[in-house]
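Asker: Sequence:
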Amino acid sequence: MAPVFENKEIIVVFVLGGPGAGKGTQCTRLVAEYGFTHLSAGDLLRIEQQRDGSEYAPVIQEHIKEGKIVPMEIILKLMQESMGRSIEDGHTKFLIDGFPREMEQAIKFDAEICESALVLFLTCPEEKLLPRLIERGKTSGREDDNEESIKKRFRTFVETSMPVIDYYSSKGKVVQVWRLSSIL
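According to the working numbering, the sequence shown is numbered sequentially starting from 1056.
The set of hints was computed from the structure by calculation and includes no laboratory data. Just so you know, even glycine gets a beta-carbon here, dropped at the ideal spot from N, CA and C. Do not rely on the hints blindly, as some may be mistaken.
Claimed, not checked - With a cut-off of at most 30 Å between alpha-carbon atoms, the simulated DSS-like pairs for lysine-lysine come out as follows: (1) 1148 to 1132; (2) 1163 to 1148; (3) 1193 to 1148; (4) 1207 to 1063; (5) 1132 to 1206; (6) 1183 to 1132; (7) 1206 to 1193; (8) 1123 to 1063.
Unchecked claim - The calculated label-pair distances, taken between Cβ atoms and stated as ranges, are: (9) 1210 to 1112: 31 to 37 Å; (10) 1178 to 1132: 26 to 32 Å; (11) 1189 to 1121: 14 to 20 Å; (12) 1214 to 1173: 22 to 28 Å; (13) 1145 to 1221: 33 to 39 Å.
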């Protein structure tokens, strides 16, 4: 199966990093400066979870609560639909944060939706991220910003997402940015 979107038509940059590494913050800055369209896998899932009549809402809710990765088919469908709407509006540069989170997602996205151009990998020590996320949880309204879920998310990131970083690194597509403070 050929990808839905061709590389000559669009540019996809994945923005990856552990929980609280600043993916959303940095994407906001890159959108403002370079005109990218920002797609957050987490935001798409949270919106779908709240959408009336969503067949995916119960599955999404359970996975988010447990700090587990939502089934790939759901994420890919939401990504493809969102990208399609943006392309119809003339937007062809995408920053996708929080995705892919596991190898199968990376391979499927590149094969079925569009091959990514680059991975921006934001890194920060967990001991800096945990207090930041706990503080964010006081105002974010996100049910996964509690200490237990955060620690599960750290483990999930190391176990499933680091192989994705290694995969793209072997293709020469990773730019790593160390983030020791909240500002780049």
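Asker: Are the hints correct? Go through all of them and say.
Answerer: Right, here's what the structure says about each hint:
1. 1148 to 1132: Status holds; Cα separation ~19 Å.
2. 1163 to 1148: 20 Å, holds
3. 1193 to 1148: 33 Å, violated
4. 1207 to 1063: 39 Å, violated
5. 1132 to 1206: 28 Å, holds
6. 1183 to 1132: Not satisfied, since the Cα-Cα distance of roughly 34 Å exceeds 30 Å.
7. 1206 to 1193: 16 Å, holds
8. 1123 to 1063: It is violated: about 34 Å lies between the C-alpha atoms, which goes past 30 Å.
9. 1210 to 1112: 31 to 37 Å: 25 Å, violated
10. 1178 to 1132: 26 to 32 Å: Since the Cβ atoms of residue 1178 and residue 1132 sit about 30 Å apart, the hinted range of 26 to 32 Å holds.
11. 1189 to 1121: 14 to 20 Å: 19 Å, holds
12. 1214 to 1173: 22 to 28 Å: 24 Å, holds
13. 1145 to 1221: 33 to 39 Å: For residue 1221 against residue 1145, whose Cβ atoms are near 35 Å apart, the range 33 to 39 Å holds.
Violated hints for the displayed structure, listed by number in ascending order: 3, 4, 6, 8 and 9.
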